[in-house]
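Throw the hints in and build the complete structure from the sequences for me.
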Amino acid sequence: MNRRSNSFLKILLTLAQSAGTTTVNEKKIRKEWEILKNETPEVAGQSFAIEIVPYEDLVELLLAKMGLTSLMQEIFRGSRQ
0 MNRRSNSFLK ILLTLAQSAG TTTVNEKKIR KEWEILKNET PEVAGQSFAI
50 EIVPYEDLVE LLLAKMGLTS LMQEIFRGSR Q
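Numbering (numbering that gives the first Met the number 0), first residue to last: 0 to 80.
Since the hints were derived computationally from the structure, they do not count as laboratory data. Note that the Cβ used here is the ideal one computed from N, Cα and C, for glycine as well. No incorrect hints appear here.
Below are the DMTMM-like pairs computed for lysine to aspartate or glutamate, each with C-alpha atoms no more than 25 Å apart in a straight line: (1) 30 to 56; (2) 26 to 73; (3) 64 to 33.
Simulated DEER-style distance windows between Cβ atoms: (4) 9 to 39: 15 to 23 Å; (5) 17 to 49: 30 to 38 Å; (6) 23 to 49: 26 to 34 Å; (7) 15 to 73: 15 to 23 Å; (8) 22 to 49: 29 to 37 Å.
Written as structure tokens, this is what we have:
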């Protein structure tokens, strides 16, 4: 697995560990989000594992589905600065 895939998996596992989010979980998610944001698929050298739907989009959809819009807004606000 490459770094982007690892970060996406860590986000999924963090969300699966608890129904809601804690401060610790939010920090983990933000950390992994920064890795996804800063390392594009081209940089990751993903010639063998193509993201049909970018991980960033999947994280956004997942957070919206789980009702974690406040966390989603914080993450995306931070990524645009």
